[in-house]
Amino acid sequence: MMRALAAEFLKLKRSRMPLWTGLVVLVAAGLGLAVLPVLSDPTTQAKLVAGGGAFAKAVTAGLYSPTWANYLRIGTQGMSGSWGVLTFGLVTAYLFGRESKERTVSAMFTLPLRREYVVLAKMAVLAVWVFGLAMLSVLLTMGLVVLLGVEGFAWSHVFKNVGDTLAVAGLIYLTLPFVAWFAALGKGYLRPMLFSLGMMMVGNGLVTTEASRWFPWNMPVHLIGASWLPVSPSSLLPGSYAVAVGVFLAGLAALLWQADHADSVR
Amino acid sequence: MGDASAREIVIRTEGLTKDFGSVRAVDDLALTVCRGEIYAFLGRNGAGKTTTIRMMLALARPTEGFVEILGQRMAPNAVRAFERIGSMVEAAGSYGNLTVRENLELQSNLLGLRRTHWVDEIIEMCDLGQYLDTRAGTLSLGNKQRLGLGRALLHKPEVLILDEPTNGLDPVGIADIRMVLKRLATERGITIFLSSHILTEVQRLATRIGIIHQGRLLEEIGYDELRQRNREYLEFTVSDTKRAAWALEEKCGMRDFAVREEGTVRIYREFERADEFNRALVEAGVGISSMRMSEENLEDHFVKLTGEAPDDAPPAGRRTKPRGWRR
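One line per chain: the protein sequences are A and B, in this order. Counted from 1, the first sequence has number 74 at position 74 by this note's numbering; the numbering is strictly sequential. Counted from 1, the second sequence has number 139 at position 139 by this note's numbering; the numbering is strictly sequential.
Possibly wrong hints are sitting among the right ones.
When the alpha-carbon atoms are kept at most 20 Å apart in a straight line, the in silico EDC-like pairs for lysine to aspartate or glutamate are as follows [what the hints assert, rightly or not]:
| no. | chain 1 | residue 1 | chain 2 | residue 2 |
| --- | --- | --- | --- | --- |
| 1 | A | 13 | B | 105 |
| 2 | B | 182 | B | 124 |
| 3 | B | 251 | B | 220 |
| 4 | A | 13 | B | 102 |
| 5 | A | 13 | B | 176 |
| 6 | B | 156 | B | 133 |
FYI, nobody ran anything at the bench for these hints, they're computed from the structure.
This is chain A alone, in the form it adopts within the complex:
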């Protein structure tokens, strides 16, 4: 197992993909934060209140005020609702689809090494990558907030946000074995990315329904809440976590089965 793990990290060492995903996080964090100065404008807020609905409630609750807590939360909300699912899906597709795409999987599976170890090593690298990107998003958001000259910094905001971000990333991570399975099945990047996109779109369609809290791809949104949707934070049920863990285990089982039963692996 350790050999497989060391090999996976060595492969990553020379890859440019971590850099590209870091840039995606930078852009996503920047875009997310660019929304708040617009929303915090008094004229805009007056229009939003007049319009009623979720936006009006958010304005009334002070969620669009330019504070450290709000900026950090919006950063995490962006990850929970859109770029997290897609970017982490891309990372998963890369880790699990690349071996087929570059035709290295045959060499990998003819080594005196159990195939499960290869899969588990990749899952471990994926965890490091996903949580690394999540922490990077916190750091980048903080940096951008400092650049914007927002006052009222407190470590408590940062610690809370780090906790929230890790929890959101964790919930997304639990859905990734299925993405990996699609990568292994599809022998490339297209199918897993379509699957991630599809799940995100299904999630968007479900978000205002009761079923949303049971849909693993929407659980991050229910954990952190959404300032522009009628989704309050911490609205997950204990059973939701059981479903998320179940999806993780089912995905992992499918992935391990696929590794052992793959036919004509490239």
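Let chain A serve as the given structure and place chain B on it in line with the hints.
Just chain B now, with coordinates in the frame of chain A:
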């Protein structure tokens, strides 16, 4: 095949069959490879060579039948077997964004090996020294093949399974790889199973050849038999082979000939004495129904077996060695 029963069988397939939907890619394949052999699996593109190799390496699941290597049934996670097998399938399977050195390191890590003199020897043997710091993705196909071979050799395997190892190599590169493989077989006793569609290559390298066509193993030929087949000969079809043999020996002093079962006698030298042989046979009362000069090489044999020219054969109009009478 009789030879195989006396020596240790290293690779054995039995009833090996693979269907892709309604297409039968490999059909009831039974072959054996003995220790120390260089077994060439010869066939046209699409004949079923790569599918067979994939089944051997548990990369594809047989529809029927099985593969045994070093006494172990091949299946995913046959870790003990893979400890003794080195392989290279198709495009050699190296990581394009890593350098040659890193690819070898990666393989060593995965195999749990420390850097030893053997790694240096492999680098030299596969002529990779000048490319150590070059990214594998930028290497020519030939050099990728060398790297793939190098990776396959790192754990000193007893069996080497190679899919088209000379693919993409220039003639010098092909000769180099041939030399390396011969060296590995003779000096280290490594059993080599390789697939190829290049007849000339196979002819120079293999100790045994298996010819596959449309998924079926048509024939296995030993090196000696092949060499015999490659010799030019003057063939008489005669009424009495015993009497013909006597005449050739006693009247012409000819010893290098063979009596064939089907009423033919083949003479392997001194073809300029064809008239003299003819006369001697007639004088001995042997009826001659035909006399022909022939040279059958592997290509001819391949065509005879499969009814098709091999992939690397020149077009029919450019054949350099016409069959039948040449002198």
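To see whether the hints hold, each was checked on the structure:
1. A/13 with B/105: Cα-Cα ~13 Å, so holds.
2. B/182 with B/124: 16 Å, holds
3. B/251 with B/220: Not satisfied, since the Cα-Cα distance of roughly 38 Å exceeds 20 Å.
4. A/13 with B/102: 10 Å, holds
5. A/13 with B/176: 33 Å, violated
6. B/156 with B/133: Not OK: residue 156 of chain B and residue 133 of chain B at ~24 Å, beyond 20 Å, violated.
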